[in-house]
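Protein chains: 4
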Amino acid sequence: MKPFIFKCEMKTRDYECDVQGVVNNANYQHYLEVTRHEFIQSIGESFEGWHRRGIDVMVSKVVINYKASLHGGEEFISCLNLKRQGVRYIFNQEIYRKSDEKLCISAEVHCVCVVDGVLSRGEEIADSFKQFFTNEE
Amino acid sequence: MKPFIFKCEMKTRDYECDVQGVVNNANYQHYLEVTRHEFIQSIGESFEGWHRRGIDVMVSKVVINYKASLHGGEEFISCLNLKRQGVRYIFNQEIYRKSDEKLCISAEVHCVCVVDGVLSRGEEIADSFKQFFTNEE
Amino acid sequence: MKPFIFKCEMKTRDYECDVQGVVNNANYQHYLEVTRHEFIQSIGESFEGWHRRGIDVMVSKVVINYKASLHGGEEFISCLNLKRQGVRYIFNQEIYRKSDEKLCISAEVHCVCVVDGVLSRGEEIADSFKQFFTNEE
Amino acid sequence: MKPFIFKCEMKTRDYECDVQGVVNNANYQHYLEVTRHEFIQSIGESFEGWHRRGIDVMVSKVVINYKASLHGGEEFISCLNLKRQGVRYIFNQEIYRKSDEKLCISAEVHCVCVVDGVLSRGEEIADSFKQFFTNEE
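Protein chains in written order, with our numbering: chain A, 2 to 138; chain B, 2 to 138; chain C, 2 to 138; chain D, 2 to 138.
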């Protein structure tokens, strides 16, 4: 596992699996969102708090590569790195099965800031994030 | 099928099924909510519109009896009746498999009105609903 | 909080909330299912294991009383007791907000056993459960 | 709207929206899956039927570009084209709001065939699909 600025542990739920007995593809996107929100919370911020100050962070693009499936009741480690590219905040996210650290998915999630309805560089958010920006991926 | 004041047709989705190949129990509650919202829309109202006027309709109790399972990609007919009992609006809802009209679930959903944060008899909503109240169940 | 045979801690996820900012009603049914599966796992059994031995545990009835709402990112404690009534296993389940132990929902979930396709008293399951049956509720 | 080999109409559901009042990002992936399954059904095939013959179609990559948000209770048109690239079946999918045909998302979903557990070119599936392959995108 390469270095990440944030990791959290989660566990799949049986209702998230489909008839093949593996987690349905769309549910990984939920896991990715939960991980980003946990990260934001860990640095003392929240999407809701930003929203109340007129700053909306929105997903503009998602790329997910599916490598291995998770089954019901399996623990996994959800990791992220963050970089800035123009107006975009790009989260590089990976999910590993906990038992053997097998890579299950790798993803890239692009977010942009909309301040009072206008696309913005989101300097206020950049300040919260700046110690976490990486270039090494 | 007994008489209902409102019916709509829906179709199960594969991702709503769990590893047993049948729709997960909790998803029926989504179907029941969609049906109530379609009914409200059919009479020219909306929960969002009520919300903007300070009226919040909230579910206070749900009883669901599971009779037969739906599978992925199956069409069903979702039906409701409505009665008033004190401060409660009680939706009697049933879901039938379309192919053979087999009863899949029967449910009772109790809603109450909260107007500007206070439990209310919701007379404004009662006006919208009054032609639909039934006693025959 | 009254005595329970099993408790687990969970946290709501932002995507489980609807436009009112509170957890959507149906999602509590997911939490209840996760809690039952965690309980089963804690006693060394699993629904999947039973399924492979020809025993299917199915929900036949759910009653949920909604008392207070959970918001996004809130921690809660999910608790259960279990009793046996004829062919039914009845789970009494309650969910409390962690911060102030406020009761959010109380629920009763009826399960039945189907062994090789036939409704059964499920003696094999009863053996796993017997030390947990309570009458005090 | 450019030409597509398959279109279907759907409607967002209130519980699919999050606290911002718009459909949560992950739910679009559900819509994309439903659309592919409807397409497969429309040509007389099914993922389940293929599965029973030992052929599993699996998503290997998803790219979604978010252009505009859908709100609760909004109708939309979900469209797809299909091409073949080596072992991959690539679905180009777009979702348009019905009221004004505004493009909401465009997506590329890569699927691969696993036959009896081994990555395969999936000639049996290719036969079902061959009249639909396009190169014009």
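In case anyone wonders, no lab produced these hints; they're calculated from the structure. Check the hints yourself; a few may be wrong.
Note that the list lumps identical chains together, so a pair holds whenever it fits in one copy or between two copies.
[Claimed, not checked] Heads up, simulated SDA-like pairs for lysine to any residue below, C-alpha to C-alpha not over 25 Å straight-line:
1) K12 <-> V88
2) K103 <-> Y67
3) K3 <-> V20
4) K103 <-> R85
5) K103 <-> Q86
6) K12 <-> E39
Can you give me the call for K103 and Q86, within, between, both or neither, at a CA distance of at most 25 Å?
neither (29 Å within a copy, 27 Å between copies)
Regarding K3 and V20, is the shortest C-alpha distance of 25 Å or less found within a copy, between copies, in both, or in neither?
Classified as neither; 33 Å inside a copy, 33 Å across copies.
Since the copies are identical, ignore which copy is meant and state whether K103 and Y67 lie within 25 Å (CA to CA) inside a copy, between copies, both or neither.
Result: close within a single copy only, 12 Å intra versus 30 Å inter.
Identical-chain pair category, K12 with V88, by Cα at 25 Å:
So K12 and V88 fail the 25 Å test inside a copy (33 Å) and across (32 Å) alike.
Which holds for K12 with E39 at a C-alpha limit of 25 Å: within a copy, between copies, both or neither?
For K12 and E39, both the intra-copy (15 Å) and inter-copy (11 Å) Cα distances are at most 25 Å.
What label fits K103 with R85 when the C-alpha limit is 25 Å: within, between, both, or neither?
For K103 and R85, neither the intra-copy (28 Å) nor the inter-copy (29 Å) Cα distance is at most 25 Å.
The structure is inconsistent with the numbered hints 1, 3, 4 and 5, although it conforms to all the rest.
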